[in-house]
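As a plain string of letters, each chain reads:
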Amino acid sequence: MSSAKPTVTERAETTQQAPDARSRRDDIRRFFPILLLLVLVAVFSFASPRFLQFNNLMIVAQQAVVLLVAALGMTFVIIAGSIDLSVGAIVALAALVAAATSASLGIYAIVPACLVGAAAGLVNGVVVAKGKVPSFIVTLGAMVVYRGIVLFFTRGAPISIDDERFLDLYSGRTAGIPHSVLIAILLIAIAAVMLNLTVFGREVRAVGGGERIALLTGIRVDRVKIAIFVLSGLMCGMAGLLQGARAMAATAQLGEGLELDAIAAVVVGGTPLTGGVGSIQGTILGALIITILSNGMNIVGLDPYFQNIVKGLVLVLSVFVTIDRKKIGIIK
Amino acid sequence: MKIVATDIARSFGSTRALSGVSITLEPGRVHALVGENGAGKSTLLKILAGAERSDAGSIAIDGRAYAPRSLAEATALGVRLVFQEITINPSLSIAENVFSGQLARFRKRGLLNQAAMNRAAQALLDTLAVDVSVAQPLARLDLGQWKCIEVARALSTEPRAVLFDESTAFLNHREADQLLAAMRALGDRGLVVAFVSHHLAEIDAVADQLTILKDGRKVGDFTAGELDREGIQSRMVGRDLSRGLYPPRPATRASGEPMLRFSNVAADGLEPTSLSVAPGEILGIAGLKGAGGERILEVAAGVVRPRGGSITVGGAPLAAKTPAEGWAARIAYLPGERTTEGLIVDASVLDNLVMAKPPRRGPFFDRAKARAMAQAMIARLLIKASSEKARSGSLSGGNLQKVVLGKCLAIDPRVLLLNNPTRGVDVGARTEIYRSLREAAKEGLSIVMVSEDLNELIGLSDRILVMREKRIAASIDDPAATSEDAIIRHMT
Numbered sequence: 025m026s027s028a029k030p031t032v033t034e035r036a037e038t039t040q041q042a043p044d045a046r047s048r049r050d051d052i053r054r055f056f057p058i059l060l061l062l063v064l065v066a067v068f069s070f071a072s073p074r075f076l077q078f079n080n081l082m083i084v085a086q087q088a089v090v091l092l093v094a095a096l097g098m099t100f101v102i103i104a105g106s107i108d109l110s111v112g113a114i115v116a117l118a119a120l121v122a123a124a125t126s127a128s129l130g131i132y133a134i135v136p137a138c139l140v141g142a143a144a145g146l147v148n149g150v151v152v153a154k155g156k157v158p159s160f161i162v163t164l165g166a167m168v169v170y171r172g173i174v175l176f177f178t179r180g181a182p183i184s185i186d187d188e189r190f191l192d193l194y195s196g197r198t199a200g201i202p203h204s205v206l207i208a209i210l211l212i213a214i215a216a217v218m219l220n221l222t223v224f225g226r227e228v229r230a231v232g233g234g235e236r237i238a239l240l241t242g243i244r245v246d247r248v249k250i251a252i253f254v255l256s257g258l259m260c261g262m263a264g265l266l267q268g269a270r271a272m273a274a275t276a277q278l279g280e281g282l283e284l285d286a287i288a289a290v291v292v293g294g295t296p297l298t299g300g301v302g303s304i305q306g307t308i309l310g311a312l313i314i315t316i317l318s319n320g321m322n323i324v325g326l327d328p329y330f331q332n333i334v335k336g337l338v339l340v341l342s343v344f345v346t347i348d349r350k351k352i353g354i355i356k
Numbered sequence: 006m007k008i009v010a011t012d013i014a015r016s017f018g019s020t021r022a023l024s025g026v027s028i029t030l031e032p033g034r035v036h037a038l039v040g041e042n043g044a045g046k047s048t049l050l051k052i053l054a055g056a057e058r059s060d061a062g063s064i065a066i067d068g069r070a071y072a073p074r075s076l077a078e079a080t081a082l083g084v085r086l087v088f089q090e091i092t093i094n095p096s097l098s099i100a101e102n103v104f105s106g107q108l109a110r111f112r113k114r115g116l117l118n119q120a121a122m123n124r125a126a127q128a129l130l131d132t133l134a135v136d137v138s139v140a141q142p143l144a145r146l147d148l149g150q151w152k153c154i155e156v157a158r159a160l161s162t163e164p165r166a167v168l169f170d171e172s173t174a175f176l177n178h179r180e181a182d183q184l185l186a187a188m189r190a191l192g193d194r195g196l197v198v199a200f201v202s203h204h205l206a207e208i209d210a211v212a213d214q215l216t217i218l219k220d221g222r223k224v225g226d227f228t229a230g231e232l233d234r235e236g237i238q239s240r241m242v243g244r245d246l247s248r249g250l251y252p253p254r255p256a257t258r259a260s261g262e263p264m265l266r267f268s269n270v271a272a273d274g275l276e277p278t279s280l281s282v283a284p285g286e287i288l289g290i291a292g293l294k295g296a297g298g299e300r301i302l303e304v305a306a307g308v309v310r311p312r313g314g315s316i317t318v319g320g321a322p323l324a325a326k327t328p329a330e331g332w333a334a335r336i337a338y339l340p341g342e343r344t345t346e347g348l349i350v351d352a353s354v355l356d357n358l359v360m361a362k363p364p365r366r367g368p369f370f371d372r373a374k375a376r377a378m379a380q381a382m383i384a385r386l387l388i389k390a391s392s393e394k395a396r397s398g399s400l401s402g403g404n405l406q407k408v409v410l411g412k413c414l415a416i417d418p419r420v421l422l423l424n425n426p427t428r429g430v431d432v433g434a435r436t437e438i439y440r441s442l443r444e445a446a447k448e449g450l451s452i453v454m455v456s457e458d459l460n461e462l463i464g465l466s467d468r469i470l471v472m473r474e475k476r477i478a479a480s481i482d483d484p485a486a487t488s489e490d491a492i493i494r495h496m497t
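Going down the list, the sequences are from chains A and B.
The working numbering puts the first sequence at residues 25 to 356.
The working numbering puts the second sequence at residues 6 to 497.
Check before you lean on any hint, since a few could be wrong.
[Stated by the list, open to error] Cross-link-like lysine to any residue pairs, in silico, SDA-like; alpha carbons within 25 Å at most:
(1) B/K475 x B/K447
(2) B/K362 x B/R258
(3) B/K7 x B/F17
(4) B/K394 x A/F55
(5) B/K447 x B/R258
(6) B/K394 x A/V223
(7) B/K362 x A/F55
(8) A/K156 x B/Y439
(9) B/K389 x A/D50
(10) B/K374 x A/V217
[Stated by the list, open to error] Here are a few chain B residues that sit away from chain A, every Cβ distance over 10 Å (derived from the structure):
(11) D12
(12) S24
(13) A61
(14) A77
(15) A190
(16) A329
(17) G331
(18) T345
(19) I349
(20) K412
(21) K447
Because the hints were derived from the structure by calculation, they are not lab data.
Glycine residues also receive a C-beta, built at the ideal position from the N, C-alpha and C atoms.
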């Protein structure tokens, strides 16, 4: 018997919604992330006058950068229907490489940092695409391995970065604006162009929307999958460099848990884990929401032991509101 | 039991699915609800079964008012629905599937009494006259037998009416026959039996009574034999189809150097096979599932790698190792499962139409050109969509299939491979698809079409190959002079 049992996703006309009710719900879905962000800003600036000061906003932006850059790569991975759990470990690996080479290469330590990030992503992508192992498993293992490499070489001790020009370029400020924020804006622009205006971006959506359909339509699914993991690794290379510059050191614990924050940023921004759809704008909002939530709760002086509870609830709440249940069908 | 529904109406938003439809279902008669996609036949059936509520009108069973609010309530009152979709859980046993939701009946001291449950399930299956043993693993059975297990599940609550919502949609000939026989058996036992279909052969085979619907209104009630096939079809479509479903064949037979040629091509599921298709020729391939027809398409498309032999396309050797290589050689492939292989339902019509070969300027997607391409294809294939930006999932089955066909034609292919191009597509959309295919062939496109619909093979093909047991059993050079029976004889 053939293995392809029909799965029916064609919707009979009879289950369609009235167009007005549908579009209203679509509007709520679409605008919820920005609404949530505005509400958070309003609440925190009301609770503390310090929140809206230029200095604090720049701190927020700086804090958001590493998460945001990692989440940009994650957006492609998730839209293609995969997941990358090795993000935090790659960031640590890249920061280590940047720290180790900054003394001799100075600002050009960016090259080995990005190369290592891309290579780590390439390994992930090849095992997923050619080895046909689910990305969750591959990157779960990779997370442990990459973190292990960092621990092996550092022996747990931090490696400091002293090169002035390196620190100046990657964590200095021009006219009060941190360079890392400017770099992040450049990366956002590149990611948005790739996702929205290139053929590659369409192929990523097609692979996530229906892998078998994409394959049978002549899309080189393997190449697309490898490319998104390389892209994610490359972004992590940049994120590691920026994080190292900001901390003036690479530590073995750097970026721990970042993968979960990056996934949360993508999802809170309205990109479903089921793949096929998603946006860079959403990811920017998601990363800002997560960062502002932490920053604001600190400024307001909320019990640090209570903060995680709030973060978790906000994550589930925003997915509860933004998820399009009609398109997903089965919730696992 | 006699079910009388009067003046049933139902709207979904601004769409009127049903208006003022009345119907009487008599015990012991098999009643067909006939109509094109969107005619309202499934909605009517679902209202009778409690899966949908009506906005207006009333239903009575044996004179007593009946207004079920759920499937469960209808079940309690003796009315059961068999769905269009397959609802068998393949990781459970046959008996567990039959009694899904009622396993508590077989509880004995807190444990499940497997033996008693199996005996009861077997008894139900036996009344359907299907050859299924509860000891068999589900994976060994075909979809028709799965569907019969669903019928047994319906019978497990001892209903007096069983309603079938287009339940043969995913079955092939042989499988559908089993289900139709089961319907007949239920009718003969005095149950009320109603089914939704747009397959004239099924209606011919089992219906005693038929009600034709069109655009949510009743066209009329008829007894079997009162209308011939053409009479039914033209009432379904609302226009005269006497000039035929199929476009005329060209006066001269397509000739010239073969566009696609197989020389002793073998693969898993295909014995060494040789065939050739001329430019402008439509080659039909008949055969049961697994007989090798689908495998020929998959090898030509690069989905399955051949084990031996050689393939040429346009005279040059080509063995596509991946679908991407096939498409790059301008071999377009329309797979058999529309929504899991053919197109992405959540993507827009435009996204699907240009997916195989997105227009580009360097690395960038050329949006303006894509829009023009999509609009041209929508006009060429008469795709009914609000715009090229509409979500594909909002289209009806026939229009979805036109989108898949449009995706294939958009690359300007040399060879078009079709796997059951009109499965689940209503008559109106079918004629348009056939016309488009013939027009493309006239431009020189070579088409290979595998189909379970023998009428379609006879009506459209220039030549038919019949597959049996992984090899070509017969080649029919003049389809106009052959019959369904002749093809079936070669198939089995």
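| In ascending order, which of the hints set out earlier in this document are inconsistent with the structure? | 1, 2, 3, 7, 8, 16, 17, 18, 19, 20
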